[in-house]
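We have chain A already, so just place chain B on it with the hints.
There are 2 protein chains.
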Amino acid sequence: MSLPDSNTSRFSRRRLFGAVGVGAALVGTGAVAACAESDEDQPSDIVEFRGAHQAGIVTPAQDRMHFVAFDITTESRDEFVALLQKWTLMAERLTRGEETFDGGAVGAGEYRPPSDTGEALGLSASSLTLTIGFGPGLFTRFGLADLRPSSLADLQHFPADNLDERRSGGDLCIQACANDPQVAVHAIRNLARVGFGTVSVKWSQLGFGRTSSTSTSQATPRNLFGFKDGTANLKAEDPELLDDFIWVGKDDDQPWMAGGSYLVARRIRMLIESWDRTTLKEQERVIGRSKGTGAPLGLTDEFDALDLDSKGPEGLLIDSDAHVRLASKENLDGIQILRRGYNFTDGSDGFGHLDAGLFFIAYCRDPLTQFVPMQLALARKDLLNEYIQHVGSAVFACPPGLGESEFWGSTLFA
Amino acid sequence: MSLPDSNTSRFSRRRLFGAVGVGAALVGTGAVAACAESDEDQPSDIVEFRGAHQAGIVTPAQDRMHFVAFDITTESRDEFVALLQKWTLMAERLTRGEETFDGGAVGAGEYRPPSDTGEALGLSASSLTLTIGFGPGLFTRFGLADLRPSSLADLQHFPADNLDERRSGGDLCIQACANDPQVAVHAIRNLARVGFGTVSVKWSQLGFGRTSSTSTSQATPRNLFGFKDGTANLKAEDPELLDDFIWVGKDDDQPWMAGGSYLVARRIRMLIESWDRTTLKEQERVIGRSKGTGAPLGLTDEFDALDLDSKGPEGLLIDSDAHVRLASKENLDGIQILRRGYNFTDGSDGFGHLDAGLFFIAYCRDPLTQFVPMQLALARKDLLNEYIQHVGSAVFACPPGLGESEFWGSTLFA
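Going line by line, the protein sequences match chains A and B. My numbering numbers the first residue of the first sequence as 1 and each following residue consecutively. My numbering numbers the first residue of the second sequence as 415 and each following residue consecutively.
Chain A on its own, in the form it takes in the complex (with noise of 0.2 Å):
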């Protein structure tokens, strides 16, 4: 087959539309994006596809997300690749804040369909990421059982769980983030348009609001709890913390996956009336820290280190099954994940209710020794759980990052 070439234009979307671009590029625009608007030639928006590590893990966490999950519907190895050196190409670009294919929207001639969609000319890149993942059902096909990393199953059934299959598994994933969220889903649709015929979408989550800070130059955000999420986070300023509980070692399992990581979805529906109904002195004991601060109970600064045993009048001024404490690595024989997930609302639930929650997105170098033994924890006792309720779950391989010449998934398909 032919691909397009990448190297032919660099054009961005914002130079080849000219003062419209800039114009435009303020609408829906990020804070980064917008203000770094005068220095037009170097755009601090753009977050580098290729390293050793996939971008959309351990860069900023941007603030709108858009995820999506593909069955695989082709029989034909060769055509599966063929995709995945399509979607890299077009990744690259789109990362860039360039249109998926030369020609784009306008240029390809009129007799065709265009090769991009349209809907972001005129947005800049936006620190748009794109991350792939690989679910447990690619390896039963294409020859690929003997590469499957032991890792790499469908969880566990937790205590609770009440999983939907419409939004759980999926054979691959990606997730787009970026600060417009007409950016990230421009992306999704014309990776999955070009699709069609290889895989088709099996389930997708926007998300408009981050629930995590990957970085210490970010404050940390809120969830629809309305409490802080995610103050001791793991964060990119602390390489050798990712090197033991983010990254896949040479030696861990499959060789194909040294640098890369596995990734953990859960979709959570917040039972929120119930929650806004309960006295801040109970929402402080269920999460372990004060609301309006965020620093554990009876201290005063959002990341004073958490004391599990400190006692007040009433005993544990921590409970012994608060959240924090339950998901600590204090708690937790030192485990640690990343976490990087987002704030959703998905219309109404048919009861009256707003069907909103938290799209539960975590990294981690093994979930089976990571991620499983802290749900265990939190889904036996969590006093969360009165006020939550997992609908959806799915974990995936992300591969290592991206090479000058390789594609997603090169290390895998070699």
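Hints listed in this document are in silico derivations from the structure and should not be mistaken for laboratory results. Any given hint could be a false lead.
Said to hold, decoys possible - Just a sample of chain A residues kept apart from chain B, beta carbon distances all over 10 Å, derived:
| hint | residue |
| --- | --- |
| 1 | GLY51 |
| 2 | THR74 |
| 3 | ARG141 |
| 4 | SER150 |
| 5 | ASP154 |
| 6 | PRO373 |
What the hints assert, rightly or not - Which bits of chain B does chain A cover? Going by a derived footprint, with three or more residues having C-beta under 8 Å, they are:
| hint | region |
| --- | --- |
| 7 | 501-515 |
| 8 | 615-625 |
Ideal Cβ positions, reconstructed from N, Cα and C, are used throughout, including at glycine.
Only chain B this time, still in chain A's reference frame:
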């Protein structure tokens, strides 16, 4: 009942949280707010709540939206009026970037449920507007039958309508628009929260990207067909046309609606997979404009005047059934409306496709003489009909703006 006093606290969320607030305000905040960060005492991202007309109609269209329709669940007029009064106080505070009530998320005492859910702490006002509308069902209650405007009735069935009752109608609605989606969601969630027992959520819709401009100062955004949308929209800068086409006159019908407007909402599913396989020439023939510039076919600038009679070698440059022709005032005896819609993507449709499209919102002085004839013209012949399907529909009477002591609906319930 005792109403919270909106005058005892004028602290913005940002000021309350001091240094933390400033950092966090950069999280997920639109361009205007973020760039104005240094000028903290003069926030430029507050849209005045009170005035001759409700905000959120001709005020500049913000980037994100959360729209909710409610059913009324009380039999008591007093209870419903009390809710409208309480909502008004909350809405005014929210649009100033304050918490919903004094005390808010953390200051009302630990033995009470917080009076604000807290997920907008640290975020700026983000140009939030909240706009209320009353559906036909309200006027079957509370002795209001004689006050129902004759223009307010469920819309007729249009050719090819495929309406889902679960996404249609409603006794009242609130449109929340903001440049930060978390601010819009926070507002709707808190208004729904205090409405418990009086109203219940019938349906709601998130919009991630605006598809119209309402001011000449705004660039024209693109819809998910990749075309600029709303180029010929009515704009705030032409008050005479607004009086002709948007604002209800004092002698139009019911005096309580003078200065108000009618909101028509249509959830329009786009069959994006079919569209994406169509040639550029066909796409441009269907719309009647160039995809790149947005100019009418045969012309070069987006704002060039439509010339519906101009011909080329193949006949009419703008097809006799092109969308832009059928929707034009030239084709509709001069009718115009104000469009204020949003792009949406709501997961997947269960058939391997994204559930995406346009949440169309139009404001007009009389839906029966403006929206209905326009939609009839489009539903019968529009070439676009091959690629869209109307799946939700609702109409609401939006009362006029609020004077200093008035509440939402005070002209109706006076």
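Checked hints:
1. The claim that GLY51/A lies off the interface holds: its Cβ sits roughly 25 Å from the closest Cβ of chain B, which is beyond the 10 Å cut-off.
2. No Cβ of chain B approaches the Cβ of THR74/A within 10 Å, the least distance being about 13 Å, so the stated non-interface status holds.
3. Non-interface status of ARG141/A relative to chain B is upheld: no Cβ of that chain comes within 10 Å, the nearest being about 18 Å off.
4. No beta-carbon of chain B is positioned within 10 Å of the beta-carbon of SER150/A; the least distance is around 30 Å.
5. No Cβ of chain B comes within 10 Å of the Cβ of ASP154/A; the nearest lies about 20 Å off, and the non-interface call holds.
6. No beta-carbon of chain B is positioned within 10 Å of the beta-carbon of PRO373/A; the least distance is around 29 Å.
7. Using a Cβ-Cβ cut-off of 8 Å, 0 residues of the region 501-515 of chain B lie near chain A, which falls short of the minimum of three, so the contact claim is violated.
8. Closer than 8 Å: that is the beta-carbon criterion, and the region 615-625 of chain B has 9 residues meeting it against chain A, so the requirement of 3 holds.
In this structure, the one hint that does not hold is number 7.
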